[in-house]
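K.L.:
The residues making up each chain are set out below.
2 protein chains.
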Amino acid sequence: MTEPEPRWLSDEEQRMWRASLGVLNLLPLFLERDLQQQHNLSVHDYEILVRLSEAPERRIRLTELAGLSHQSKSRLSHQMNRMENAGLVVRESCDSDRRGQWAVLTEAGWDRLVKAAPDHVESVRRHYMDLFTEEQKKVVGEAFATIVEHLRNADGGQTCPSQGCPGAETKPGPK
Amino acid sequence: MTEPEPRWLSDEEQRMWRASLGVLNLLPLFLERDLQQQHNLSVHDYEILVRLSEAPERRIRLTELAGLSHQSKSRLSHQMNRMENAGLVVRESCDSDRRGQWAVLTEAGWDRLVKAAPDHVESVRRHYMDLFTEEQKKVVGEAFATIVEHLRNADGGQTCPSQGCPGAETKPGPK
Numbered sequence: 000m001t002e003p004e005p006r007w008l009s010d011e012e013q014r015m016w017r018a019s020l021g022v023l024n025l026l027p028l029f030l031e032r033d034l035q036q037q038h039n040l041s042v043h044d045y046e047i048l049v050r051l052s053e054a055p056e057r058r059i060r061l062t063e064l065a066g067l068s069h070q071s072k073s074r075l076s077h078q079m080n081r082m083e084n085a086g087l088v089v090r091e092s093c094d095s096d097r098r099g100q101w102a103v104l105t106e107a108g109w110d111r112l113v114k115a116a117p118d119h120v121e122s123v124r125r126h127y128m129d130l131f132t133e134e135q136k137k138v139v140g141e142a143f144a145t146i147v148e149h150l151r152n153a154d155g156g157q158t159c160p161s162q163g164c165p166g167a168e169t170k171p172g173p174k
Numbered sequence: 000m001t002e003p004e005p006r007w008l009s010d011e012e013q014r015m016w017r018a019s020l021g022v023l024n025l026l027p028l029f030l031e032r033d034l035q036q037q038h039n040l041s042v043h044d045y046e047i048l049v050r051l052s053e054a055p056e057r058r059i060r061l062t063e064l065a066g067l068s069h070q071s072k073s074r075l076s077h078q079m080n081r082m083e084n085a086g087l088v089v090r091e092s093c094d095s096d097r098r099g100q101w102a103v104l105t106e107a108g109w110d111r112l113v114k115a116a117p118d119h120v121e122s123v124r125r126h127y128m129d130l131f132t133e134e135q136k137k138v139v140g141e142a143f144a145t146i147v148e149h150l151r152n153a154d155g156g157q158t159c160p161s162q163g164c165p166g167a168e169t170k171p172g173p174k
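So the protein lines, in turn, are chains A and B. For what it's worth, numbering that gives the first Met the number 0 labels the leading residue of the first sequence as 0, then goes sequentially. For what it's worth, numbering that gives the first Met the number 0 labels the leading residue of the second sequence as 0, then goes sequentially.
With the rest of the complex left out, here is chain A (with noise of 0.2 Å):
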């Protein structure tokens, strides 16, 4: 008797949510689609590739790597395995620190992330930048910047580390 009647969406929420979701649920299947085709790369294989190249000397360690890729350790190794064999990574481990291996970028993995890199940009203005007004690009950049905040700080970082989420479309590379 004493529960809160719920906070229903209004109609115009539910709009807004719906079409969330369905940007949430079909934009990566476009680019997933766009990467696998033209440079059978994944999403994911793409964030790593970018991650790895504006880091210094092109490495980052694994543990770190799967916070900013937002996958379990176990999940991330096995990303790993098929991006060592196909010769875009290598694992690392060094004796002087515990902290466990790193992961670095072989040249290969930069070739092809070049390669890639100018689909990829294309592929993300069709399916989404271009579509948006210069204001709309604006606004969307704001709020999102917000909610991407809060959702940093609502496990304390732990579900995403402060270094920023990822992708990168711009020119691949250090900064």
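Some hints could be false.
[As the list claims (entries may be wrong)] Pairs of lysine-lysine, DSS-like flavour, derived with a Cα cap of 27 Å:
id, chain 1, residue 1, chain 2, residue 2
1, A, K137, B, K137
2, B, K137, A, K136
3, A, K137, B, K72
4, B, K136, A, K136
Keep in mind that the hints were calculated from the coordinates and are not lab data. Since the structure is predicted, the reported quantities are computational estimates derived from the model, not experimental observations.
Mind docking chain B on chain A? Use the hints.
P.N.:
Then chain B, alone, in the frame of chain A:
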């Protein structure tokens, strides 16, 4: 030499895209975590319960359900096994209908949805909806409706059927 220069994202677009990726990557994790912890349901389970609750006689053909939930038939089949074992749905075939099996919502499935819906809408509000201003909701709703429309048409409607994309945070049940 004749390759056009890739249309890299501007700094502002880059920030907007990274924020979008942050939401795309993180928001589903939070919704999933809340649903699992509170009701032992996955987001996909929830979406299917919602779809069935809204359908005539609370039943949908499996082939149609695969499209509505953006899943391959084999993945949906695994999910149906789980949900049937949990008593949430049953699968029925109809002798006079060669178009295959139906998924049917059980009373237990209905009860589970009714119980989960108030918490799920609260989760959607906490991690997403309530973080927007009214103006931002309007702009995001309009912009994303355009994008979903584009994505639905991009494959001749194969990826996402015209009935709409999943998810409902209105009160469960027929409209």
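K.L.:
Please go over all the hints and tell whether each is borne out by the structure.
P.N.:
How the hints compare with the structure:
1. For the given pair, K137 (chain A) sits about 14 Å from K137 (chain B) by alpha-carbon distance, which is consistent with the 27 Å threshold.
2. Only pairs whose Cα atoms come within 27 Å are accepted, and K137 (chain B) paired with K136 (chain A) is accepted, the gap being roughly 13 Å.
3. Pair hint K137 (chain A) plus K72 (chain B) does not hold up; C-alpha atoms about 39 Å apart against a cutoff of 27 Å.
4. A threshold of 27 Å between alpha carbons decides the hint, and for K136 (chain B) with K136 (chain A) the separation of about 13 Å falls inside it, so the pair holds.
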